[in-house]
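Q: This is what each chain is made of:
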Amino acid sequence: KAGVTQTPRYLIKTRGQQVTLSCSPISGHRSVSWYQQTPGQGLQFLFEYFSETQRNKGNFPGRFSGRQFSNSRSEMNVSTLELGDSALYLCASSSRTANYGYTFGSGTRLTVV
Amino acid sequence: EDKVVQSPLSLVVHEGDTVTLNCSYEVTNFRSLLWYKQEKKAPTFLFMLTSSGIEKKSGRLSSILDKKELFSILNITATQTGDSAIYLCAVEGTSGTYKYIFGTGTRLKVLA
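Chains as they are written, first to last, in the numbering used here: chain A, 1 to 113; chain B, 1 to 112.
Read the hints as simulated data drawn from the structure, not as lab findings. Be a bit skeptical, because a hint or two may be false.
Said to hold, decoys possible - Chain B residues, not near chain A, derived (Cβ > 12 angstroms throughout):
{"#": "1", "residue": "Ser-24"}
{"#": "2", "residue": "Lys-57"}
{"#": "3", "residue": "Arg-60"}
{"#": "4", "residue": "Lys-67"}
{"#": "5", "residue": "Asn-75"}
As the list claims (entries may be wrong) - Computed list of lysine to aspartate or glutamate pairs in DMTMM-like fashion (alpha-carbon distance at most 25 angstroms, straight line):
{"#": "6", "chain 1": "B", "residue 1": "Lys-37", "chain 2": "B", "residue 2": "Glu-69"}
{"#": "7", "chain 1": "B", "residue 1": "Lys-109", "chain 2": "B", "residue 2": "Asp-2"}
{"#": "8", "chain 1": "B", "residue 1": "Lys-67", "chain 2": "B", "residue 2": "Glu-15"}
{"#": "9", "chain 1": "B", "residue 1": "Lys-109", "chain 2": "B", "residue 2": "Glu-69"}
{"#": "10", "chain 1": "B", "residue 1": "Lys-40", "chain 2": "A", "residue 2": "Glu-52"}
{"#": "11", "chain 1": "B", "residue 1": "Lys-3", "chain 2": "B", "residue 2": "Glu-15"}
{"#": "12", "chain 1": "B", "residue 1": "Lys-37", "chain 2": "A", "residue 2": "Glu-82"}
{"#": "13", "chain 1": "B", "residue 1": "Lys-56", "chain 2": "B", "residue 2": "Glu-1"}
{"#": "14", "chain 1": "B", "residue 1": "Lys-41", "chain 2": "A", "residue 2": "Glu-82"}
{"#": "15", "chain 1": "B", "residue 1": "Lys-37", "chain 2": "B", "residue 2": "Asp-66"}
{"#": "16", "chain 1": "B", "residue 1": "Lys-40", "chain 2": "B", "residue 2": "Glu-26"}
{"#": "17", "chain 1": "B", "residue 1": "Lys-40", "chain 2": "B", "residue 2": "Asp-17"}
{"#": "18", "chain 1": "A", "residue 1": "Lys-57", "chain 2": "B", "residue 2": "Glu-15"}
{"#": "19", "chain 1": "B", "residue 1": "Lys-57", "chain 2": "B", "residue 2": "Glu-1"}
{"#": "20", "chain 1": "B", "residue 1": "Lys-37", "chain 2": "B", "residue 2": "Glu-55"}
{"#": "21", "chain 1": "A", "residue 1": "Lys-57", "chain 2": "B", "residue 2": "Asp-83"}
{"#": "22", "chain 1": "A", "residue 1": "Lys-57", "chain 2": "B", "residue 2": "Glu-55"}
Please read these numbers as outputs of a predicted model, since none were measured by experiment. We put the beta carbon where it would ideally sit given N, CA and C, even for glycine.
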């Protein structure tokens, strides 16, 4: 059974650019959540999608957005990149919201220069 | 404000030692607490705790939750170098805009 797949693994962008990250959840998992991980802040919740609908959203600016497709794959987009957006972006899927915890992907390491 | 605090922030021990990692929380309408181990990138699931006083155990790892005092501990006995990792605690509530709130983690290093 394939795990959570995130692409790309690494990304280098310049300030002002935009980026799109992709996440394919475990087959059958309909909930996908995104987190930003930085050394000082730990894991910060970005948003959660379930059946193509955003169910929860964290305290991030509007430059951070996401969506989920009918096959449960999810993308997140960051526009007008800032240096502070450099982080590991982790995607996690679960089979039912709130009951079974997450399975995480290996993340996308984004570096903004 | 809901929060999860882990302590210590980092810990260095020798193989064979026993360690106790702490996680305290303040969350509205607590539902569950999870422990994860993060070695390189993807955190891997260790335990989910929902009831006070019931110890969860997996090999040399065990964890327990105290919902009255709002904390959980993760114990690792007879530590090995392979236990070196960041240990993350996450708590789920039912209000606010989050799914799980994570602590900043405890970085454990086990020396041979």
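Q: Take the hints in turn and mark each one as holding or not.
A: Outcome of the hint check:
1. Ser-24: Nearest chain A Cβ is 15 angstroms from Ser-24 of chain B, so the label holds.
2. Lys-57: holds (17 angstroms)
3. Arg-60: Arg-60 of chain B is indeed farther than 12 angstroms from all Cβ atoms of chain A, at 21 angstroms.
4. Lys-67: At about 17 angstroms from chain A, Lys-67 of chain B clears the 12 angstroms cut-off, so the statement holds.
5. Asn-75: holds (19 angstroms)
6. B:Lys-37 to B:Glu-69: This hinted pair holds, its Cα atoms lying about 24 angstroms apart.
7. B:Lys-109 to B:Asp-2: violated (29 angstroms)
8. B:Lys-67 to B:Glu-15: With Cα atoms ~32 angstroms apart, Lys-67 of chain B and Glu-15 of chain B exceed 25 angstroms; violated.
9. B:Lys-109 to B:Glu-69: Distance of about 28 angstroms is beyond 25 angstroms: violated.
10. B:Lys-40 to A:Glu-52: Roughly 30 angstroms separates the two Cα atoms, so the pair is violated.
11. B:Lys-3 to B:Glu-15: violated (32 angstroms)
12. B:Lys-37 to A:Glu-82: Since the Cα atoms of Lys-37 of chain B and Glu-82 of chain A sit roughly 29 angstroms apart, the hinted pair is violated (cutoff 25 angstroms).
13. B:Lys-56 to B:Glu-1: violated (29 angstroms)
14. B:Lys-41 to A:Glu-82: Cα-Cα ~22 angstroms, so holds.
15. B:Lys-37 to B:Asp-66: Given pair Lys-37 of chain B, Asp-66 of chain B holds - Cα atoms ~21 angstroms apart, limit 25 angstroms.
16. B:Lys-40 to B:Glu-26: Between Lys-40 of chain B and Glu-26 of chain B the Cα gap is close to 28 angstroms, so the pair fails against 25 angstroms, i.e. violated.
17. B:Lys-40 to B:Asp-17: holds (23 angstroms)
18. A:Lys-57 to B:Glu-15: violated (42 angstroms)
19. B:Lys-57 to B:Glu-1: Not satisfied, since the Cα-Cα distance of roughly 31 angstroms exceeds 25 angstroms.
20. B:Lys-37 to B:Glu-55: holds (18 angstroms)
21. A:Lys-57 to B:Asp-83: Violated, at about 33 angstroms.
22. A:Lys-57 to B:Glu-55: Violated, at roughly 32 angstroms.
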